[in-house]
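With these hints in hand, go ahead and build the complete structure from the sequences.
In the order they appear, the protein sequences are chains P and W. Numbering of the first sequence is given in this note's numbering, commencing with residue 228 and proceeding in unit increments. Numbering of the second sequence is given in this note's numbering, commencing with residue 108 and proceeding in unit increments.
If you are wondering where the hints come from, they were derived from the structure by calculation, not from laboratory data. One or more of the hints may lead you astray.
[Said to hold, decoys possible] Below are the DSBU-like pairs computed for lysine-lysine, each with C-alpha atoms no more than 30 Å apart in a straight line:
| id | chain 1 | residue 1 | chain 2 | residue 2 |
| --- | --- | --- | --- | --- |
| 1 | W | Lys124 | P | Lys246 |
| 2 | W | Lys159 | P | Lys240 |
| 3 | W | Lys174 | P | Lys240 |
| 4 | W | Lys159 | P | Lys246 |
| 5 | W | Lys362 | P | Lys246 |
| 6 | W | Lys259 | W | Lys362 |
| 7 | W | Lys124 | P | Lys240 |
| 8 | W | Lys204 | W | Lys124 |
The structure presented is a predicted model; accordingly, all values stated were derived computationally and were not measured.
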Amino acid sequence: MAPTWRDIAQPMKTHAMSKGGRRRRWRVGFRQVSLGLFFLGMAWGIWMIVLALQPDSPHRPQLVKDVPIRAPELKTTRDGVLDDAWLGRMLALPVGISLMELDLEKLRERLLGEGQVLTASLTRQFPDRLIVHITERAPVARVRVGSAVASRDWLVARDGVLFLGAGYSVALLESMPWLGGIAVVPAGRGFRPIARMDVVARLLADAQFAAESIYRMWQVVSLARLDSDNEIEVTMKDSTTVVFGAKGGFFVQLSNLDYMMERLARLPRAKARIDLSLGREVPVMVEPLGANDAKKIPLPSTAASFFNVRINSSSKNQREL
Amino acid sequence: MSSRNTFIGAVEIGTSKITALIAEHNGHELAIIGLGQCASQGVIKGAVVDFKAASDCTHSALQQAEKEAGERMDMVFLAQTGGHLEGFYNEAVVNVKSSDNMIDQDDVQMVCELARSKELPVGRSVVHHIRRPFRVDGRLIPASPDNLVGQKLEVGYWTVHGQEQRLADNLNMIRGFNLDVNELVLASLASGYMVTNPEERQHGVLAIDIGAGTTDFVLYRDAAPFMTGVLPVGGSHLTNDLSIGLRLTPMQAEKLKLRFGRANVQAKDKAEKVWLDGNFAIGDRQFPRLAIEQITAARVRELLESVKKKLGHAFSPETCSAGVVLTGGTAKLAGITEVATGVFGVPAHLGEAPRWVSEHLRDPSYHTALGLLYYGLRSRAEAFPPVRRGSGFIDAFKRLFANS
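Below you can see the structure in the form of structure tokens.
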């Protein structure tokens, strides 16, 4: 057969190319190189995946589901008392469980079920760490719940939530007053929060801050008349009863109490009742000592004497708090 | 635009200008979306004489077309002309093999191979093998002779061949733009396909494309090209004759030709003069209109008679009943159809592009580039039967790496 024009070679000769032709050639070359690199990269990636999928391959990355979780780590608030041991008991994770098998929502609910825990967040940190951040409730008082046969002490937080409490020192627990005059209502495994506990907590905090020596003597804080008379009744260890007005101004009332306690310290008495809820008028009722004691100390003619102290705000006797 | 569409470039490297068209082909339709043109340099009578100059012009036209289209060409169809192109006819006859005389594919293939098997002189390459209709026992078969019954199967090929170096020059110019030539089409076939319709080709028609440096012609008979030819004479020779005859520069002669040239003499008054520029500036002078017309008319007649002479016995008014169709830039010369009618003895008219061609491409000088697209696509479809374009990953991968 005779040769045709298709048999004529069409060689690429740079010197025969114009500027436009060279530009076009570079563009095509660049495109081909880019595509080549892209496909090489893809091939390499596929090869690595294939290698990784080999059961005995050293390239095989450890799958998260195959990595057993380490002991969960607790990160609590600065004044928190809970520790990793408590967390371990609470979560009770099965041995050898992996991070991806955990139901974080359920675990969080379990933690929040404990009244001591105010907030909780659980974070997976791959490959094998579970970090738990919690904020704790701080107890302000104690309450004994139960019958005469079996009773149990609960702690009460500022928001009125009752919880059993874990990790607190005995000294701390014993320093807290008891709550009285309340009826706790069961709810689930615990009890409903105590209403208006925020007011009581404020009184306790103010007392702890401003008159710690007096606060240490508080034994029972009764909320019996809180709703009806807006009064909080505190019974001290020396049987003195103090009535606080719940409208506020606890610092002033505590100041008056301090003043009254100083004055009462000089009187021989069995019991005293100090009513601070009336403002500057502080009625005080003092009960005399028993018959034996009466011989030693001269007593007023009546069984119980009342006096009313008017406290002037400008009085030099009023202790500056 | 769809990524499956093909952007085809059609390039005509002419003596006076280089034209590049870009068309978007979606497998069914062709839409022309870009045109680039550049005044030709380094090309004389259709042959490249200054590669660098011609290459720069061609690339400029290609860039312009791509810029206008906003797309890059995927393939190029190139028009081929030039005085080096020649043609010959060769036919072959085979006896039908089968005992029942039914022609099968093997018979057809064998007769075609035999008819195309004629050797060429050294340094020549085939540009086209143009098949004429088959004959079965002397009976004309316009379509395929498969399954027809007969004893003798005949076919003839008009083979167009050219000098290998000249063909390579054109191919290398396109290659210099980082494109491969996918189809090389004889300029006469391209323009002839555009200005004649199937009916004319069936009845016999002669299409003559008179360019600046060459005149390409194709004679159709029985709906197929019967004979083609190229004369290295064109409109620039008219300019040259005027330049010598009237002692003018080529530019001045070209201007006179365009303004006053005619293919026949109309002027009666020898004293009638025309101004060269008509602005009465220094250097403007007068020339007898009769002399201008006589020079151009003589050259046009000579040109057309040369075409007729080259056609020889292949042309006769009886076998060319659809007449003569003239196209190309020089065909715009006034009175040329009358002269062609006189020379060939059949009605002649100026070729027109089909109606669907947009207005700015209807000028006769674009007929070759337009025809290239259509004829090129058709001949490519015949040479490479369409295969389903793969839509799989491997095919997409191949297409990504396709050149350009």
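Here's how the hints hold up against the structure:
1. Of the pairs offered as hints, the one joining W/Lys124 and P/Lys246 holds, with about 20 Å between alpha carbons and a cut-off of 30 Å not exceeded.
2. The suggested pairing of W/Lys159 with P/Lys240 holds, with an alpha-carbon distance near 13 Å, which does not exceed 30 Å.
3. A C-alpha spacing of about 24 Å is found between W/Lys174 and P/Lys240, which places the hinted pair at or below 30 Å, so the restraint holds.
4. As the CA atoms of W/Lys159 and P/Lys246 are separated by approximately 12 Å, the hinted pair is consistent with the 30 Å bound.
5. About 34 Å separates the Cα atoms of W/Lys362 and P/Lys246, which puts this hinted pair outside 30 Å; it is violated.
6. Of the pairs offered as hints, the one joining W/Lys259 and W/Lys362 is violated, with about 59 Å between alpha carbons and a cut-off of 30 Å exceeded.
7. Only pairs whose Cα atoms come within 30 Å are accepted, and W/Lys124 paired with P/Lys240 is accepted, the gap being roughly 25 Å.
8. Taking the CA atoms of W/Lys204 and W/Lys124, the gap is near 53 Å; set against the 30 Å cutoff, the hint is violated.
Going through the hint list in order, the structure does not satisfy hints 5, 6 and 8.
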